[in-house]
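Enquirer: These are the residues of each chain, in order.
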Amino acid sequence: MKIKKNIQLIDQHDKFGFWGGKFGGNFIPETLKKPVEDLEILFKKLRKDKKFIKERDYYFKNWLGSPTRFIKLHNLTNYLGGAQIWAKVVSDLNGGAHKSLNATVHCLIAKRSGKKSVCGDTGAGYAGKMLSMAAKKFGLKCKIFMGAKDIKRQKPNCDAMRKNGAEIIPVYTGSQTLVDAVSECMRYWVSNCDTTHMCVGSTVGPNIFVKICGWSTSQISRELFKQIKKEFGRIPKKVKLLNCVGGGSSSFGFWNEFMHYDKKQVEFIGIEAGGPKKSKRHAAPLTYGSKIGILHGAAQYVNQDFEGQIEETESISAGLDYPGVSPLHCFLKDTKRARYTAATDEEALSAYKLVTKFENLSPSLEPSHAFAEAIKLAPKLNKDTIIIVNSCGDAHKDRDILKQRLGKF
Amino acid sequence: MTISPISLAFKNCKKEKRPALITFTVAGDNTKKNSLKILNSVAKYADIIELSFLHNCPIADGGQIQNSTYRSLKNGTTLKDTFQIAKKFKKNNPKKPLILMGYYNLIYQNGENNFLKNCKLSNVDGLIVVDLPWPENKQFSKKCKKKSINFVQLLSPTTSKVRMKKIIKDSHDMIYYISMLSTTGGKLKVSPKKILENYSKIKKIDKIKNCVIGFGITNKTVKSFKNSDGVVIGSEICKEITRSLNNRQNPVTNVSKVVARLKNKIL
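Note that the protein sequences, when read in sequence, are chains U and X. The opening position of the first sequence corresponds to residue 70 in the numbering used here, with each subsequent residue numbered one higher. The opening position of the second sequence corresponds to residue 31 in the numbering used here, with each subsequent residue numbered one higher.
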């Protein structure tokens, strides 16, 4: 299994939609074959449509506030001593996370396809919040599927969704988290695919949804590439790009432009959710060697029992609390382009505490997992190494959990 | 070549000028014992039996079947149990065709060849895999054919005519037409007339191929499909099991009554 040069990673799949011959694909009911094919054709066309690209760039810049900041975390760097720590503050985006990039593109596609409503899944509530925000902006009706457990723990984002006029459909089946929200959203789409466009909130799901999301979030690394060159005059000799991985949309977008650099120069490190310290129900299929299975229409490494039942996961961060992971990351793991590790709930919380103590930055619990790894790594490396963490979400949504666990927010 | 039990079932129904009645239940619902008892009792009325093997992320199932699935999973029903139930049923009813239905991950984890071997050992006659559409299912359906197991291709209202032709060409003794854009057990949101219009389009492509209609068909609407090759009733049965349990009644006798009533409607 090898990554090809001169071709976008999202396009390196075979005719059945598999990356590396075994990740991804389209394991979907017959009813969805046609809508998925229609979407494939439309997206293929729109990617080459200059007007569409111009429109996307216009909204990214003028509405979402791209480019987001690329800043050095001086105090944290000095405190840890060792590698330089930088942050790409993607949470600057309108809405407070990278999910707005994918949501905006999906709503633009929905408009082009003539559909009047969109539906989407959400875990941390960001994908839902952004989709509701974009749907409002583009005059589309919006339904958001969210696990009942997540509705409770991510209240601020739910409030925002309702304010944007979206209908939140609570999902009570299974673990009542993201995995069930995605299932329920797909069921809704099966029943309403003639009138509704579906937005999958991450680089997961049937092949085309992986592609659209990856294409959208790649904006992050397009910006970063320019910013690094401006800051250092070139791409430095030792760069480490650290990003949390749940479904994997922010990390893929954060890495894409650097895909063809040697990993000795630009290393990709994905940090999955290890869950509570003593729990075995982690959400880290790449780190802990889960088997390949089929979840939500795609083959991927996924937490499951010997028979193929999907296992429940446990993580303090709703956005990472997912038993599967993007086929793109499975491909990156098996080709050894990226390496993956996990941080526990406790490590993420201490990282949050340390970052907010030293810096004027408030990363949500998801990127706090990535900061935990940066804090571990930095002291072991010299100052020529540039660690960049994608601070892809803002902690505002986590205020209830943080208050409960740390006594303050 | 000998005629398959599935083909034979359709042939017999055609002689009686009525559609085949296909019942769907979830393996191990509400218990492993009752599940088998239900199968044995409905076999008096049903022409073909569908039994689902469990998956906890069923992306195409509606509320009723989800309830049944989660109830059965909670009771600890495994794939092995499902094969056991199938085997015992076929021992009692060797001539009644039994089709297993489910999601691909269970087959994938079991191994395609191993899964088919297990099907053979349990005398399973056919397979429906909800999330393995054509052409992705070409290889697997060939494997099924080699083992004389019917792979049932699905068609839906979104399937184009060109695609239909190709799918029908690759199909075995039976195809399944999904009545509407819905998960299983949804409210019948299109008229039976409209469904039958689409159905006749399929029959025009291949007159001989046995085509059954499913999704959202209930006691109230089943009569409208009297002239089709077959009707599948699933959610209505799962709902009856739930209702019986809530009322502390015997699900086996209640389901049997429901299926008897359904049968009467299509005679």
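Keep in mind the hints are simulated off the structure, nothing from the lab. For each residue, glycine too, the CB sits at the ideal point set by N, CA and C. Don't take every hint at face value.
In silico BS3-like links for lysine-lysine, alpha-carbon gap of 25 Å or less [said to hold, decoys possible]:
1. X:Lys219 x U:Lys185
2. X:Lys224 x X:Lys191
3. U:Lys295 x U:Lys141
4. U:Lys84 x X:Lys231
5. U:Lys210 x U:Lys332
6. U:Lys402 x U:Lys449
7. U:Lys91 x X:Lys168
8. U:Lys184 x X:Lys168
9. U:Lys349 x X:Lys196
10. U:Lys360 x X:Lys231
11. X:Lys224 x U:Lys360
12. U:Lys210 x X:Lys217
13. X:Lys191 x U:Lys103
14. U:Lys103 x X:Lys147
15. X:Lys239 x U:Lys184
16. U:Lys113 x X:Lys191
17. U:Lys218 x X:Lys177
18. X:Lys295 x U:Lys103
19. U:Lys114 x X:Lys117
20. X:Lys177 x X:Lys239
21. X:Lys168 x U:Lys103
22. U:Lys360 x X:Lys63
23. U:Lys103 x X:Lys41
24. X:Lys110 x U:Lys103
25. U:Lys91 x X:Lys173
26. U:Lys232 x U:Lys347
27. U:Lys360 x X:Lys199
28. U:Lys91 x X:Lys233
29. X:Lys177 x U:Lys184
30. X:Lys173 x U:Lys84
31. U:Lys103 x X:Lys217
32. U:Lys103 x X:Lys231
33. U:Lys84 x X:Lys191
Chain X regions said to be covered by chain U (calculated; three or more residues, Cβ under 8 Å) [unchecked claim]:
34. 170-176
35. 254-262
36. 267-280
Enquirer: Kindly indicate which numbered hints from before are broken by the structure, ordering the numbers from low to high.
Expert: 4, 5, 8, 9, 10, 11, 14, 15, 17, 18, 19, 22, 23, 24, 26, 27, 28, 29, 34, 35, 36
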